[in-house]
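Let's have the full structure, built from the sequences with the hints guiding it.
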Amino acid sequence: MPPSPEPVATLWQELALKPNALDAAQQAWLQEAVTHTSSGLNPHHEQLEFLGDAVLRLTASEFIAALYPAMPVGDRSSLRAQLVSDRWLAELGASLEIDRWWRIGPKASGDNTAAATIRAELSEALIGAVYRIAGTDAVQQWLTPHWSRSAEAVLADPHRGNSKSALQEWSQGKSLGLPTYSSQEISQQHGDPRRFHCTVTLPPDLKAEGWGGSRREAEQKAARTALAQLTGD
Numbered sequence: 007m008p009p010s011p012e013p014v015a016t017l018w019q020e021l022a023l024k025p026n027a028l029d030a031a032q033q034a035w036l037q038e039a040v041t042h043t044s045s046g047l048n049p050h051h052e053q054l055e056f057l058g059d060a061v062l063r064l065t066a067s068e069f070i071a072a073l074y075p076a077m078p079v080g081d082r083s084s085l086r087a088q089l090v091s092d093r094w095l096a097e098l099g100a101s102l103e104i105d106r107w108w109r110i111g112p113k114a115s116g117d118n119t120a121a122a123t124i125r126a127e128l129s130e131a132l133i134g135a136v137y138r139i140a141g142t143d144a145v146q147q148w149l150t151p152h153w154s155r156s157a158e159a160v161l162a163d164p165h166r167g168n169s170k171s172a173l174q175e176w177s178q179g180k181s182l183g184l185p186t187y188s189s190q191e192i193s194q195q196h197g198d199p200r201r202f203h204c205t206v207t208l209p210p211d212l213k214a215e216g217w218g219g220s221r222r223e224a225e226q227k228a229a230r231t232a233l234a235q236l237t238g239d
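If you read the sequence shown in the working numbering, its first letter stands for residue 7, the second for the next number, and so on.
Hints were generated in silico from the structure; no laboratory data involved.
Cβ coordinates follow ideal geometry from the N, Cα and C atoms, glycine included.
Keep in mind that a hint or two might mislead.
[What the hints assert, rightly or not] The following label-pair restraints were derived from C-beta to C-beta distances:
1. ASP143 with ARG221: 30 to 36 Å
2. ARG82 with ILE192: 29 to 35 Å
3. SER84 with PRO151: 19 to 25 Å
Laid out in structure tokens, this is it:
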């Protein structure tokens with residue numbers, strides 16, 4: 007049996023944001039953000055996750071514009087894609103230890119392969135809750151240290167976590183044209199790490215596959231497999 011979640015007031019203390027104390031409505035937003043649909047409870051995280059998605063993209067764009075004002079728009083888009091990705095959100099949730107507060111169903115609790123997906127979803131919902139409580143400045147205060155570390159790593163290795171970009175650059179360097187991706191949803195189970203299947207092909211005869219909890223993840227894994235075939239890494 008999973009341990010009982012900690013009170014959400016301690017989650018706000020962990021974030022170290024203002025106001026120092028939350029009223030009942032504000033605590034309710036936090037509770038909603040860490041209540042996963044698999045728990046069967048209402049309200050659950052999905053509406054705040056939807057809001058958090060928009061807030062995350064906006065605040066990440068502002069972060070990039072402030073720190074890298076001379077960066078071309080195309081490069082900004084590539085960097086932002088890394089800073090708002092499911093992988094990045096899952097890492098954010100892990101660093102916060104969001105598991106201490108989440109409420110999830112017993113089936114999800116026993117599924118270690120779904121943990122990263124749930125962390126990503128609830129982290130995005132938590133971004134929505136922080137925005138509701140304290141606005142974009144608080145979101146920036148919370149996320150900027152995480153973005154700074156991630157952006158530094160991405161700019162040091164532009165293909166870090168972006169196998170599609172690396173595969174495209176490799177194929178163009180060999181004058182082979184562009185990779186072709188074909189993806190399909192093969193499972194409707196929420197949190198299934200193999201929900202999507204992707205096949206990538208590249209002339210003359212390369213074919214590689216990947217699976218993931220999202221279409222993008224499946225494409226990235228297919229590209230990573232293709233690169234391993236091509237480079238032996």
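Taking the hints in turn, this is what the structure says about them:
1. As the Cβ distance of ASP143 to ARG221 is approximately 33 Å, the hint placing it in 30 to 36 Å holds.
2. For ARG82 paired with ILE192, a C-beta distance near 34 Å keeps the hint of 29 to 35 Å intact.
3. Distance hint check: the CB atoms of SER84 and PRO151 are about 21 Å apart, consistent with the given range 19 to 25 Å.
No hint from the list above goes unmet by this structure.
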